[in-house]
Amino acid sequence: MVSMNAALCDVVYTNLVYQQLWTETEIINFEDVPIVCGKPSHRLTNDDNDNDADASNSEDIPSDGKEYVYPILMHQYKNSGFSMKSLDHIFSRLPDMIKRLTLGIVNDDGTVVYYFIYKGLRKPKKN
Amino acid sequence: MEYRESFTKAMSEKAKIYLVGSNLEDGDGDDASSVVPVLYDVDDIAKIREHGVAGVLIGTLGGAPQQNVFLGVPLRLMMEEALWLVEVGHAVFRHVMGQDLIKSLKGLDGEKLQKFKDDRANDVAQQLEWKRANFLRKMKTLRGASDVAVPSDVINERDEQLMKQSIFIETKDTSAVIEPSLNDQTIDQRKICEQILRQNEKLRLNYKVYKKLREMGYFMSPGARFGGRYVAYPGDPLRYHSHLTVQDARSKDEEIDLLNMINGARLGTSVKKTWVLPGINENGDAEFYSVEWAGFG
Amino acid sequence: MLISLACLVTIYEDRGRQVLTMSKRSHRNQLQYKHALPIEAQPVPSVWKHPFQAFSWILDWAMRWSETRIIDVKINQLGQILVCDQWQMKYLWEHGFFGTGQLSRSEPNWQARTMSRLQLNDADRINLEHVTDVRRRQRLEFKKLRAEFEAKKLEMRQKGIVDEQFIEQERLFLKNQRDKELAFEKDSMQIRDEDLRLIEGKSVIQLESLQLMPVEAIFLSYAVPVLKITLQQLMVSLVLEPKSFQDIKKLIHQYVAYHHYRSKGWCVRSGIKFGCEYLLYRRGPPFQHAEYGIMVLDANQSNDYTWYSSAARVVGGAKKQFVLCYVEQLIPEDDLMELWKQSKYDELFRNFKIHELLYKRWVAGKNRD
Amino acid sequence: MSDNEETFNDSDVEGDELLQDWSLATKIIGDNKNVIPLRGEKDYEPDGTGMQGSMLFKAKKVMFDVLRQPDRGTIIKNQVKAYYDLDLHVATIKFPKGTFTNTVGSPNSDGTLTLQFHEFVYLVERGSVSPIIDLGINGEKEEYLLSLQDVYSFFKSQDELDEFFVYAYLKRMGYIVFPTNWKYGKQLSVYSRYNKGENRFQNTYLLLNGIFNLFTNISYSWLKDWATNINNIISFHPVKFASSGAIFESINKTITFYAPPKSQKQLLESHGVDLNAPVSSNYKIAFDVWKPNPSFKKSNRYLPDFQIVIHNKNSKKAEFPNLKDFKGIFQRLDHKFPFINDVDIAEEKVTKSNKTGNVDAQRHLKSRRKNNKGDKTLSLYARKMKRIKEGYRSFLLAVMDGGLVSIVKITETDFGSENIWYVPSPKIVQWKKPNQKKRN
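Protein sequence lines correspond, in order, to chains A, B, C and D.
429 is the number of the first residue of the first sequence in my numbering; add one for each residue after it.
11 is the number of the first residue of the second sequence in my numbering; add one for each residue after it.
-15 is the number of the first residue of the third sequence in my numbering; add one for each residue after it.
30 is the number of the first residue of the fourth sequence in my numbering; add one for each residue after it.
Looking at chain A on its own, in the form it has when it is part of the complex:
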């Protein structure tokens, strides 16, 4: 199971570094929760521009520009077993300053897709 997690992290790591061109990327284990952490090559499109800062949401956006990616495997023909409990567990292991988790969903079609997850309610971006 652990080696499987490691392999999954490797897939996401490689994808982030060499397809998404992230920098300062590393794999960190928060106890039993492996996280690929790094800096996107450019501001993520979902964030608001600095000059149009959305005050109510801005505290959710990491100040050091780092994102925390949790890898998860998704098979077309298997259940993921992923639930809100899994999310509770992941967030319970992360330091409090991390408000935003990115799910890196590794599909069996060869792609990785990324989704932001916030605990609680989050408003959509303004524009």
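Watch out, some of these pointers could steer you wrong.
Claimed, not checked - Below 30 Å or equal to it, Euclidean Cα-Cα: the simulated BS3-like pairs (lysine-lysine) are:
1. B:LYS122 <-> D:LYS185
2. C:LYS344 <-> D:LYS345
3. D:LYS365 <-> D:LYS326
4. D:LYS365 <-> C:LYS303
Calculated from the structure, these hints are not laboratory results.
Keep in mind that this is a model prediction, so the values were computed, not measured.
With chain A fixed as given, assemble chains B, C and D onto it according to the hints.
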């Protein structure tokens, strides 16, 4: 000013929510959760709006019956909205079956029935009076003060007939008999709520989510069009964009359909709404996670 | 707002395509992707002009007989089915658009993209050593000139001369040099440390493999057997020991639907980007956008309406038709399970039936005439 | 009527995001142009400013002013009284007048008009009829004018209320709507050509079909093994193919698929067979729907353009239809199937020229082929694509969510029957192979 007055009056009483479409007294046999909560009184509709419940207008607008954009009374509520209003004490449930209505109509003594007739006759008389006055005013201005050949305060037979023919017969929104006949009928509000919730597990879970969001200040409306149970607005939907597409409530260890989450969040991104996953924890409280497309990958 | 989603998608689909004029591109595509499947047909010439021609045809035919199962696949511990050989990756992509480059959107072109990002394949190729070399020589030149300036300044100072003009000259020189250096750095490349690990001589090492969806792999070992792995080996590696039909049901459903569309001539690719199972292309991604988004369902399946409506809106927002593809099983589950255990996959697949429904939003105001 | 309002109303996104400016409702009430101009943008969220507050106050005031207008009803001269009958749950108009009678109600022999309950409520809401109940106190006629609320209290179930809402929704858009299986007058049936006086044919057909099924069921079991064995022998060897089509031909028989009825004949066959099959009644076809047409005659109805099924997504009882439910609905459909003419005509032509050997017909066909020669392959391909995209039988599914309705069109389609593989043109086939063929 007139608006403000009626507004204050409306706020002072509980709104009346009528449960349509089923026989509640049937007890457990019937599905109490499939009654439809409906409001007819515009004052009541205005009042619950101040409490954060907008509802959906479902009636044809008499003056503009050829479109579906602007609809009129009655107002239909989601069951969650109705339950919350009643539970918090902003509204009361009423339940009247058609046959009971007729019974109470037939049971009216002659005096009361006569009163209804008189009211109608009064209304007609008032309209006629108003029309006469109007007519005369017009005549005067038309003919000028100098014309004395025809007395200006006489309306001939034909005109009188036309005026009578043009009197407007209105179908009123609210009933003149239901409320008075129910006033003394005491319904155990808590019992109805329990009865409704008992029979529908999904509603029971979703109601916790609705309640939590409502207490956080959100207005909710039915969300199937956006792929959710609710669409949540940060204020009155008349003025504000919706922010959240809230999914059906689930227990926290229920598996998340990732494909569904992916298209939900994708859709959310394109319509500027966060995709919200509500779960009910062991204590029965609603908790949330918000999901949005990261914008890459 | 859905339009913006569609635009987004268009941009993605367009990215990485060669910029060619339409007709040129389409002609080139016709040639490059003329085979819809990785088995090439060998047309019988209509006229035999020469006995040797017949001989050569038969020889060719026989040669190819022996080389059908030609693609190596590797299945890693995550269950990813990978093709790593350069030629084989290209071959599968060009013969029916099978697989996805693990570091690309679809076509495995990561290596070429990276080469061009690092400017390693320009006509006047600047390789890394060259860059460092130039930079070093520049630096040396600069130091030399600056030393000359320093010497001259010292000399003037010793003579007690303050030449404003000269100081200005020096300032300009230094600024000029810095600009030059910055400019060089800027447009030569932004090479990250991570990229240095990739460079090997004048090229970039290949990090990318072509990943096949399980259903693609099944198709390529069963229907058009070009993978070296046998169907049985593959199935066992996908699902080790199914206890009941439930464990393999979804895989079989997915495959049956996949095979159905592939065998009718559609190019079938993953629909994950649009929240559905498959996308159907007439010929393939380089030719036109996908026309259909397919959701595969069990015949008895019923979801909440929101499940259908959100999928339909994402697919519809990208201007594709939304199709519910129901898979019905024709014999009891125990019998199906028995077929699986006996590795009678062909018979297994034949006991399913496809039903299709188009699902489309209907607008009252647009259907009156 | 302009399309404007509908594009807003049904385009969910815009409908939600744009301000519903009720001051415009007052405009459409005033003149009858029914043009709804563009609406403004909403705000992101409450910002606590007085300015925003007063804008919201104004918006609400306008809305409630419109709602308070006493505009449901008629002047005495035009008044039409509809008498509700509690026992029959219908209403009767004793002296029907007005244009609405063309598309509403069932006329009786005594000149009165019977309104079904949904028709009654709809006309009351429009203000076209006055809802009356005759209390009949002490044997004396006692007319009482009901309110809208009184009328709503006669709804018997959520389903009935939902049906009414869908009915009114379509009526407001100008459609002509009657309940499916409405008993009044005559209505064409897709199946009527065969049903009328041809029952014998149908029975014979059913009998033959039964025998055939019996035979195939028996024979299938032993044929199946044979077929499988042969298939196992021939199919999974590296077969050589002389054309790319042949590759597809070799693999496209594996998965069976359902082909929906595509001609009048096939429709009858599927309908006829299914007359014996148990019909799932969970999803009743609620209404027949016709596009607006001033010359519509309710006593002699042509085939409806659409049929509609209603699903309340929040009802505890209802589930979204699964495949079996869909099949049940399709089997019972009886409306204008736009695909029939095209397919039938094409088929008839072929059988005609084949059977009769009519020289003229064949010559005609030949000359037509000749004319089409230029784009023959292309148009054949395009026709296949069109058939898949347009599909065959269809119905509307109205999904109720609270008081909102979304309508979905569900259509049978058939990818299986249309082979669309690409056949390279001779020019390309002859093109020399690129170097890639040579492996390292």
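What's the verdict on B:LYS122 and D:LYS185, does the C-alpha distance respect the 30 Å limit or exceed it? holds, 28 Å
Would the pair D:LYS365 and D:LYS326 pass a check requiring their Cα atoms to be no farther apart than 30 Å? Between D:LYS365 and D:LYS326 the Cα gap is close to 16 Å, so the pair holds against 30 Å.
Pairwise hint evaluation, C:LYS303 against D:LYS365, where the allowed Cα distance is 30 Å at most: holds, 27 Å
Would you check the hint for C:LYS344 and D:LYS345, treating anything up to 30 Å between C-alpha atoms as holding? holds, 25 Å
Violated hints for the displayed structure: none, as all numbered hints are satisfied.
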